[in-house]
Amino acid sequence: MENIYDVMILGAGAAGLTAGIYTSRAKLRTLILNEGVIGGQMVLTNEIANYPGVETTSGYAVATIMKKQAKSFGCEIKSNIKIQTYRLHDEIKSVDLEDGRSFQARSVIVAPGGRPRPLNIPGEDEFKGKGVSYCATCDGEFFTGKDLVVVGGGNSALEEAVALTTYANKVTIVHQFDHFQAFRHAIEEVDKNPKIDFIMESELRGFFGDEKLKKVSIEHLPTGKISEMGIDGTFVFIGYIPGTEDFKGLIALNERKEIIVDADMKTDIPGVFAAGDCIVKRYRQVTTAVADGTIAALSAADYLRNVK
Amino acid sequence: MKMLQTAVHEIETADELQKIINENENVMVCCGRMGPMCIPVYEVMEELEEERPHIKFYSMAFDSREAAPIRNADMCRGFMGLPFTVYYKNGKMVQATSSIQSHKQITSILDANFQ
Chain A
1 MENIYDVMIL
11 GAGAAGLTAG
21 IYTSRAKLRT
31 LILNEGVIGG
41 QMVLTNEIAN
51 YPGVETTSGY
61 AVATIMKKQA
71 KSFGCEIKSN
81 IKIQTYRLHD
91 EIKSVDLEDG
101 RSFQARSVIV
111 APGGRPRPLN
121 IPGEDEFKGK
131 GVSYCATCDG
141 EFFTGKDLVV
151 VGGGNSALEE
161 AVALTTYANK
171 VTIVHQFDHF
181 QAFRHAIEEV
191 DKNPKIDFIM
201 ESELRGFFGD
211 EKLKKVSIEH
221 LPTGKISEMG
231 IDGTFVFIGY
241 IPGTEDFKGL
251 IALNERKEII
261 VDADMKTDIP
271 GVFAAGDCIV
281 KRYRQVTTAV
291 ADGTIAALSA
301 ADYLRNVK
Chain B
1 MKMLQTAVHE
11 IETADELQKI
21 INENENVMVC
31 CGRMGPMCIP
41 VYEVMEELEE
51 ERPHIKFYSM
61 AFDSREAAPI
71 RNADMCRGFM
81 GLPFTVYYKN
91 GKMVQATSSI
101 QSHKQITSIL
111 DANFQ
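First to last, the sequence lines map onto chains A and B.
According to this note's numbering, the first sequence holds residues 1 to 308 in order.
According to this note's numbering, the second sequence holds residues 1 to 115 in order.
Where hints are given, some of them may not hold.
[Stated by the list, open to error] The calculated DSS-like cross-link candidates involving lysine-lysine, where the alpha carbons are at most 30 Å apart (straight line), are: (1) Lys-71/A <-> Lys-92/B; (2) Lys-78/A <-> Lys-19/B; (3) Lys-82/A <-> Lys-71/A; (4) Lys-2/B <-> Lys-78/A; (5) Lys-214/A <-> Lys-104/B; (6) Lys-82/A <-> Lys-2/B; (7) Lys-248/A <-> Lys-281/A; (8) Lys-68/A <-> Lys-92/B; (9) Lys-89/B <-> Lys-104/B; (10) Lys-82/A <-> Lys-19/B; (11) Lys-92/B <-> Lys-78/A; (12) Lys-71/A <-> Lys-89/B; (13) Lys-104/B <-> Lys-257/A.
[Stated by the list, open to error] Beta-carbon label-pair distances, calculated as ranges: (14) Asp-264/A <-> Glu-23/B: 53 to 63 Å; (15) Asp-302/A <-> Glu-66/B: 47 to 57 Å; (16) Met-1/B <-> Asn-120/A: 38 to 48 Å; (17) Gly-230/A <-> Gln-5/B: 37 to 47 Å; (18) Ala-68/B <-> Glu-255/A: 32 to 42 Å; (19) Asp-302/A <-> Ala-14/B: 26 to 36 Å; (20) Asn-113/B <-> Asp-264/A: 21 to 31 Å; (21) Asp-210/A <-> Met-1/B: 16 to 26 Å; (22) Ser-102/B <-> Lys-281/A: 24 to 34 Å; (23) Asp-210/A <-> Thr-13/B: 53 to 63 Å; (24) Lys-195/A <-> Met-75/B: 46 to 56 Å; (25) Ser-108/B <-> Thr-85/A: 34 to 44 Å; (26) Asn-120/A <-> Glu-66/B: 37 to 47 Å.
Think of the hints as simulated: they come from the structure by calculation, not from any bench.
The model shown is predicted, which means the values in this text are computed figures rather than measured ones.
We put the beta carbon where it would ideally sit given N, CA and C, even for glycine.
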């Protein structure tokens, strides 16, 4: 039985690392298995200015400290792995990795997070890094004096569109609805910026170019009319999708493929909890992921006390 | 002067870069900043350093004038996303990518070029 962990956490974003800190500090033998980058979406956030008690910092800095904290309490972390098989309904839960290794635990916290939602249109992969980008902070200056399209209508899209006007000649926001979903302050910033204009009720249909992106095709949704627009770059900010593909048919998901949990982060499987961007909820922030991870860890500890 | 806070060894000069690619058969260099598209690539490289001792892994600061051989390389023409990640086989650049790359994408390139 010595190879059986008390808690196995699937994912090392804000929720998973927080859960790892709590369970390992509670002397529960904890293993975090992580398929992506430690820190998850948090690492993709260049600046975190609203984490209570912490002055402006980077997502990388927070993730690095969380990882160090978890390890200091004895939490084991294995990253860049690929899980092939899950057995979550048994009393002892287990997973098999693609490399042949297997791990077992008495409880599991599922925290795979989410990933930026791609447009999934022709040319997107081909022109990634050659005109198609998902990070204004990283790539904005490559487009100094150029014409850009920003896709999206939420806070990220509008805030990044404003940020990109520092470099770009002109920014055109393409959004599928007839209104933006962003907060009022973000909409006001966009409205008063002379370098920004909008194409509403429209979606991109394809990217075209040679060595670099040269143009996009745009469909006006009410009429179905497709037009082409010559541009130098496109930045995509259309939200995130939960990383729950592997759990379809295993754990109860809603129609948006989010894991259904109760207030204690319990899923429909005894001993299996979920936390972070993968669960049903409205607000996805580092702080809410941390809260979810805490609750899932405490619930897992409670579950283990009752089954032992 | 080192500019990147990563465990992957940072090349500081163009001369050092040239020496490394001359003296090693398989070399991967990630030329970037400490930004959200670059950090994940450094993390993958840190993991791979232990697993693949036949490959030398290095980082280089994109904003250093010493990184010009990478920024201006023919294979990097048209790149508009950080980091620029380049792969050298026997002193010759054999592959280059722009923007963030996953563990799978990186290992596919390593498998294809550095067996």
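Cross-check of the supplied hints:
1. Lys-71/A <-> Lys-92/B: 40 Å, violated
2. Lys-78/A <-> Lys-19/B: Status violated; Cα separation ~34 Å.
3. Lys-82/A <-> Lys-71/A: Roughly 21 Å between the alpha carbons, so the hint for Lys-82/A and Lys-71/A holds.
4. Lys-2/B <-> Lys-78/A: Holds: Lys-2/B and Lys-78/A sit about 29 Å apart, inside 30 Å.
5. Lys-214/A <-> Lys-104/B: 28 Å, holds
6. Lys-82/A <-> Lys-2/B: 33 Å, violated
7. Lys-248/A <-> Lys-281/A: Between Lys-248/A and Lys-281/A the Cα gap is close to 18 Å, so the pair holds against 30 Å.
8. Lys-68/A <-> Lys-92/B: 38 Å, violated
9. Lys-89/B <-> Lys-104/B: 20 Å, holds
10. Lys-82/A <-> Lys-19/B: Roughly 36 Å separates the two Cα atoms, so the pair is violated.
11. Lys-92/B <-> Lys-78/A: Answer violated: Lys-92/B to Lys-78/A is near 34 Å, above 30 Å.
12. Lys-71/A <-> Lys-89/B: 37 Å, violated
13. Lys-104/B <-> Lys-257/A: At roughly 24 Å apart (the allowed maximum being 30 Å), Lys-257/A and Lys-104/B satisfy the hint.
14. Asp-264/A <-> Glu-23/B: 53 to 63 Å: Once the Cβ atoms are compared, 58 Å apart, the range 53 to 63 Å for Glu-23/B and Asp-264/A holds.
15. Asp-302/A <-> Glu-66/B: 47 to 57 Å: 56 Å, holds
16. Met-1/B <-> Asn-120/A: 38 to 48 Å: About 43 Å separates the Cβ atoms of Met-1/B and Asn-120/A, which means 38 to 48 Å holds.
17. Gly-230/A <-> Gln-5/B: 37 to 47 Å: Holds: the Cβ-Cβ distance is about 40 Å, inside 37 to 47 Å.
18. Ala-68/B <-> Glu-255/A: 32 to 42 Å: 52 Å, violated
19. Asp-302/A <-> Ala-14/B: 26 to 36 Å: With a Cβ separation near 59 Å, Asp-302/A and Ala-14/B fall outside 26 to 36 Å, so the hint is violated.
20. Asn-113/B <-> Asp-264/A: 21 to 31 Å: 49 Å, violated
21. Asp-210/A <-> Met-1/B: 16 to 26 Å: 38 Å, violated
22. Ser-102/B <-> Lys-281/A: 24 to 34 Å: For Ser-102/B and Lys-281/A the Cβ distance comes to about 26 Å; the hint holds.
23. Asp-210/A <-> Thr-13/B: 53 to 63 Å: 34 Å, violated
24. Lys-195/A <-> Met-75/B: 46 to 56 Å: 33 Å, violated
25. Ser-108/B <-> Thr-85/A: 34 to 44 Å: Since Ser-108/B and Thr-85/A have Cβ atoms about 23 Å apart, the given range 34 to 44 Å is violated.
26. Asn-120/A <-> Glu-66/B: 37 to 47 Å: At 39 Å between Cβs, range holds.
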